[in-house]
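Colleague: Throughout, this note's numbering is defined as the position within the sequence shown, counted from one, plus 228.
Read the hints as simulated data drawn from the structure, not as lab findings.
If you're wondering where the values come from, they're calculated on a predicted model, not measured in any experiment.
Note that beta-carbon positions come from the ideal geometry of N, C-alpha and C, so glycine has one too.
Hints are supplied without guarantee of correctness; some may be wrong.
[Said to hold, decoys possible] The calculated lysine-lysine pairs, modelled on DSSO-like cross-linking and capped at a C-alpha distance of 27 Å, are: (1) K648 with K663; (2) K631 with K655; (3) K605 with K581; (4) K558 with K581.
[As the list claims (entries may be wrong)] Just the calculated beta-carbon pair ranges, DEER-fashion: (5) G329 with G612: 33 to 43 Å; (6) V521 with K581: 35 to 45 Å; (7) S402 with G585: 49 to 59 Å; (8) T371 with A433: 18 to 28 Å; (9) K581 with P520: 52 to 62 Å; (10) G291 with E662: 47 to 57 Å; (11) M560 with P520: 17 to 27 Å; (12) E668 with D443: 35 to 45 Å; (13) E668 with K283: 48 to 58 Å; (14) P395 with P432: 26 to 36 Å.
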Amino acid sequence: MALLKYFWRLRPPRLSLHQSKRCIISPIVSHYEAINLGEKEMPEYFNFANDVMDKWTQMEKDGTTPLNPVFWWVNGQKEEVKWSYEELTVLSRKAANVLTGPCGLQRGDRLLMILPRIPEWWLLVLASIRTGIVFIPGTSQLTAKDISYRLQASKAKGIAVSDVLAPAVDSIASECKLLKTKLIVSEGGRDGWLNFKELLKAAPADHNCVRTKSDDTLAIYFTSGTTGTPKMVSHSHSCYGIGLTAIGRRLMNLSRSSVFWNISDPGWVKAAWCCLFTPWINGACVFIHQLPVFEPTVVLNTLASYPVTNFCAPPTGYRMLVQHDITRYKFMSLNHCVTGGEALNPEVYENWKKQTGLDIYEGYGQTETVAICANVKGKKIKPGSMGLAIPPYDVQIIDDEGKIQPPGTEGDIAIRIKPKRPFCLFKQYVDNPEKTAASERGDFYSTGDRGLMDEEGYIWFVGRSDDVINSSGYRIGPFEVESALIEHPAVVESAVVSSPDPVRTEVVKAFEAYQGTSRSCEKDHSSLQIPQKD
229 MALLKYFWRL RPPRLSLHQS KRCIISPIVS HYEAINLGEK EMPEYFNFAN
279 DVMDKWTQME KDGTTPLNPV FWWVNGQKEE VKWSYEELTV LSRKAANVLT
329 GPCGLQRGDR LLMILPRIPE WWLLVLASIR TGIVFIPGTS QLTAKDISYR
379 LQASKAKGIA VSDVLAPAVD SIASECKLLK TKLIVSEGGR DGWLNFKELL
429 KAAPADHNCV RTKSDDTLAI YFTSGTTGTP KMVSHSHSCY GIGLTAIGRR
479 LMNLSRSSVF WNISDPGWVK AAWCCLFTPW INGACVFIHQ LPVFEPTVVL
529 NTLASYPVTN FCAPPTGYRM LVQHDITRYK FMSLNHCVTG GEALNPEVYE
579 NWKKQTGLDI YEGYGQTETV AICANVKGKK IKPGSMGLAI PPYDVQIIDD
629 EGKIQPPGTE GDIAIRIKPK RPFCLFKQYV DNPEKTAASE RGDFYSTGDR
679 GLMDEEGYIW FVGRSDDVIN SSGYRIGPFE VESALIEHPA VVESAVVSSP
729 DPVRTEVVKA FEAYQGTSRS CEKDHSSLQI PQKD
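Taking the hints into account, I'd like the entire structure generated from these sequences.
Modeller: Dropping the structure here:
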């Protein structure tokens with residue numbers, strides 16, 4: 229891989245692994261954590277690339293922080309990439325020049341990014357932040373129909389994909405009238421596409437970061453619901469750039485010496501939380517294994533072969549891991565485990581702890597929020613609970629009228645938004661003011677999840693208040709699946725519900741009425757709408 233060799237040439241010989249055990253809190257962390265907790269005022273202007281990444285870079289140059297890798301990518305085939313803050317700064321500035329130069333994108337334009345776990349995803353996110361371009365992540369499982377909908381709904385002017393999805397984009401590009409730039413991340417070229425790797429090599433490294441306001445739009449995510457098509461959720465620069473600071477130490481236990489591996493696909497919000505903003509504002513190293521599919525033995529061997537200190541996987545991942553004899557693996561450095569995205573069974577927690585001696589700290593959030601409650605270091609863990617509210621969020625259980633429920637009473641999990649709305653809550657459902665208004669109930673934003681709070685303030689998940697299906701952490705809207713099913717000529721009607729599953733929590737079950745029998749149904753139903761993951 230020519231580009232990887234190019235990256236390696238950029239890596240100075242003195243760049244070492246994370247061996248510093250110092251846990252001194254950086255002034256960068258303390259400053260933004262104070263803002264996150266409401267102890268300092270929110271600045272009018274904020275840009276994560278300029279105000280966080282570039283400041284860490286300067287500290288590396290000044291020698292006030294160790295020159296450790298903060299990005300470490302492996303693919304299981306003896307290829308790897310290691311970057312310091314300075315290298316990320318240089319490469320993301322070059323990538324920014326690619327977006328505003330050959331790609332012709334400008335501040336405020338939207339870029340749909342559908343890439344696997346490859347280093348270029350991180351460069352394109354940072355480049356988007358530097359240029360004020362709104363990035364829109366998508367999972368690489370999206371179909372041509374999914375991509376067409378997202379391009380048209382978001383009015384994206386650019387798209388970045390790998391060579392695997394390029395044919396799907398070409399098949400629907402004519403439907404997307406605003407799409408003007410197609411960027412492929414590939415070793416080879418493709419007619420009608422710009423090649424990011426080639427352009428990156430030739431791009432200059434000088435770039436002036438745009439001045440973004442704290443409440444300017446940073447990113448848009450699509451999230452599924454029970455009716456209609458996926459909704460667009462917008463987040464501000466301060467929401468992710470500052471609002472994820474506090475959970476870095478409280479939930480993820482990150483420090484400058486941490487090597488953090490979160491297995492989320494780049495299309496999920498948890499990838500932005502755990503694979504970019506939270507670790508990098510806290511000075512930690514992001515560890516990524518390309519991992520095309522979740523293979524328990526690959527995960528366990530990786531934890532035994534690399535100095536990963538902090539690990540995050542969905543409960544489904546832990547359920548799969550504990551089916552193996554974990555005691556056969558000697559983890560090199562692992563000392564802190566995190567989960568989220570669905571409820572963690574107490575049995576899985578106990579099995580993992582019995583085999584590894586490590587607790588699993590569960591956090592809770594959704595596409596519209598950041599992590600709002602969690603089991604954190606220094607507090608009692610109640611297996612099966614999502615933990616306590618994380619400051620500065622006032623998380624309560626409310627009824628249909630927005631009234632706070634007493635301990636032990638089931639209701640909707642909600643966040644207080646009046647008299648002051650937390651800045652790290654989503655800005656809005658884009659182009660959908662009705663949906664935005666409907667999410668508010670009295671003084672609260674309702675998450676749509678049902679739960680209860682015990683006498684000690686611990687929150688327990690009960691289920692969705694709507695019909696959204698949660699399978700392996702994916703949010704699956706029944707309407708989307710039903711719409712895909714009735715496209716088959718043999719299907720007259722369809723109804724989709726959830727069915728319990730011991731590994732994935734829930735699976736999709738469909739009931740169909742046919743005009744006649746069709747042996748091709750199973751094959752033709754294989755390309756359903758892709759669900760979203762929080």
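Colleague: All the hints need checking, so say for each whether the structure fits it.
Modeller: Structure-based check of all given hints:
1. K648 with K663: Holds, at roughly 20 Å.
2. K631 with K655: At roughly 24 Å apart (the allowed maximum being 27 Å), K655 and K631 satisfy the hint.
3. K605 with K581: With Cα atoms ~15 Å apart, K605 and K581 stay inside 27 Å; holds.
4. K558 with K581: 14 Å, holds
5. G329 with G612: 33 to 43 Å: 52 Å, violated
6. V521 with K581: 35 to 45 Å: 26 Å, violated
7. S402 with G585: 49 to 59 Å: Cβ of S402 to Cβ of G585: about 57 Å, so the range 49 to 59 Å holds.
8. T371 with A433: 18 to 28 Å: 37 Å, violated
9. K581 with P520: 52 to 62 Å: 29 Å, violated
10. G291 with E662: 47 to 57 Å: Hint holds: Cβ distance 55 Å, inside 47 to 57 Å.
11. M560 with P520: 17 to 27 Å: With Cβ atoms ~23 Å apart, the hint holds.
12. E668 with D443: 35 to 45 Å: 18 Å, violated
13. E668 with K283: 48 to 58 Å: Hint violated: Cβ distance 36 Å, outside 48 to 58 Å.
14. P395 with P432: 26 to 36 Å: 32 Å, holds
Hints 5, 6, 8, 9, 12, 13, counting from the list given before, are not met by this structure.
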